Amino acid sequence: MKQKKIDKTPARLDFTQSVTGLILAIFISAHILFESSILISNEAMYKVTIMFEGYYFFGETYPGIITFFAAAISVIFVVHAAIAVRKFPNNYKQHKVMREHVLRMKHEDTSLWIIQITTGFIMFFIGSVHLYIMMAEPSNIGPFASSFRVVHEHMGPLYFLLLLSVVSHAFIGLYRLAMKWGFMEGKNTKVSRARFKFLMKTMIVIYIIVGSLSLAQYTYIGLTHDFSEVKKYKSKIIDLRAH
Amino acid sequence: MSKEKTPRILKIGILRFDPHDPEDVPHMETFEIEESDGMTLYIVLNEIREHHDNSLKFDFVCRAGICGSCSMLVNGRPTLACRTLTSKLDENITLAPLPLFELIGDLSIYTGKWMRNLNEHLETWIHDKENELEVDKLEEKMEPELADEIYELDRCVECGCCVAGCGTIQMRPEFVGAVGLNKIARYHLDPRDKRTNAEYYELIGDEDGVFGCMTLLGCEDVCPKDLPLQSKIAYLRRMMIKTSMKNN
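Read top to bottom, the protein sequences are chains A and B.
For the first sequence, my numbering begins at 159 and goes up steadily by one.
For the second sequence, my numbering begins at 1478 and goes up steadily by one.
These are calculated hints, taken from the structure and not from any lab test.
A hint or two may mislead.
Think about it this way: if two alpha-carbon atoms lie no more than 20 Å apart in a straight line, the pair counts; the simulated DMTMM-like pairs of lysine to aspartate or glutamate are [claimed, not checked]:
no. : chain 1 : residue 1 : chain 2 : residue 2
1   : A       : Lys359    : A       : Glu266
2   : B       : Lys1590   : B       : Glu1635
3   : A       : Lys394    : A       : Asp384
4   : A       : Lys345    : B       : Glu1629
5   : B       : Lys1606   : B       : Glu1616
6   : A       : Lys251    : B       : Asp1685
7   : A       : Lys264    : B       : Glu1568
8   : A       : Lys254    : B       : Glu1616
9   : A       : Lys348    : B       : Glu1629
10  : B       : Lys1719   : B       : Asp1685
11  : A       : Lys245    : B       : Asp1683
12  : B       : Lys1488   : B       : Glu1512
These stretches of chain B come out as covered by chain A in the derived footprint (C-beta under 8 Å, 3 or more residues) [to be verified]:
no. : stretch
13  : 1547 to 1561
14  : 1624 to 1631
If you're wondering where the values come from, they're calculated on a predicted model, not measured in any experiment.
Glycine included, each C-beta is placed from N, C-alpha and C at the ideal position.
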């Protein structure tokens, strides 16, 4: 029997939105943890930095790897944004009706969506700035170079806003993904949903605390370190010319 | 002897409007009702109509949460008036008609028209080309577990609460909503319905269907029949993605 061809695009868009979101959320949860290695010591953060520059694989550092990663994440970021933007209210009427609905319903999951829309919108701009800098200056990452950027290149406030946005967006998004696809759905879906929601809130709190502490540490280093001579951190153990 | 508590005086604010009266504008009207034991909003509304204002319009049939007629916004959330105990609410209660549906007047809305439209659009009946005309033939046997599963979803009373509780459909009224998706999940489970997955995809495989759902879960949380809407929509989403991947 001959069948009519189905239009697969809506399925592909929905699936791609979820997959790109998942990749970005996993990436960001790892990113913030690696970033927080500064809380252990400057040396620890330095080791993490050169690990991503390939030192432990090639014996030398290639900051180009960072550019490559940043470019790959940028592509996923743009794809995710382009697909997800179709869910935004796209005229004043839709915006108004949704606002009234949220205020009237006082329903948590509906209100969380407003946070996602808002943080998503914020990240169009500040996320792009951050990604571009990482692509353009891949070698300026390190205990001192990053601190310099936070304090003397005034990236601190932007990073803080980005931290709040990305953490809430990512974990609310992961929770919604689990609900959307029925991931690890228990016999009693109400119980598994409550657990996922608790996990989401816990992760948001933990990540914002850890992220803020790291940012505070970079700020502290930025304010106290003397950048007049060498901007870059010098390891006592590992000797490299590039850093 | 314990002293008997004086009953609360409930202040019921109702959004009133008669769309057929060109002079009328939507306005709030408040009625004061003395609370009694086991009082539901359905009883409150009858009290108002009997003792305060006999022009108040609202729908009801079964008064027991079976017919789905008395759905309305109670303090902003859609629910059935007959299943809402006043003792669970504050003294100030606001009632409004469900949004999106055609307003007949005050709290009375025409859900039937909307639902009929939806059912015709989604073809929510058994499709079986081969046995279409054989009404005398005995039905095939079905496992009790499967029958239970189908029955579970068949409990939908089309009250419209999930529609009024859905943020997506507020913005995009073409969206079929949880009531429509639940019905598709029900027919998809039913072995007597011979529609293929590709045929189901034709019905709900777009952004007015399952891919339009933004998983705000208002439907799941307001459904007076506690239908497993989140889980069934997730199931349809997985099924539709698989269908799109298989069909070339």
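Are there hints from earlier that the structure breaks, and if so, what are their numbers?
-> 8 and 14
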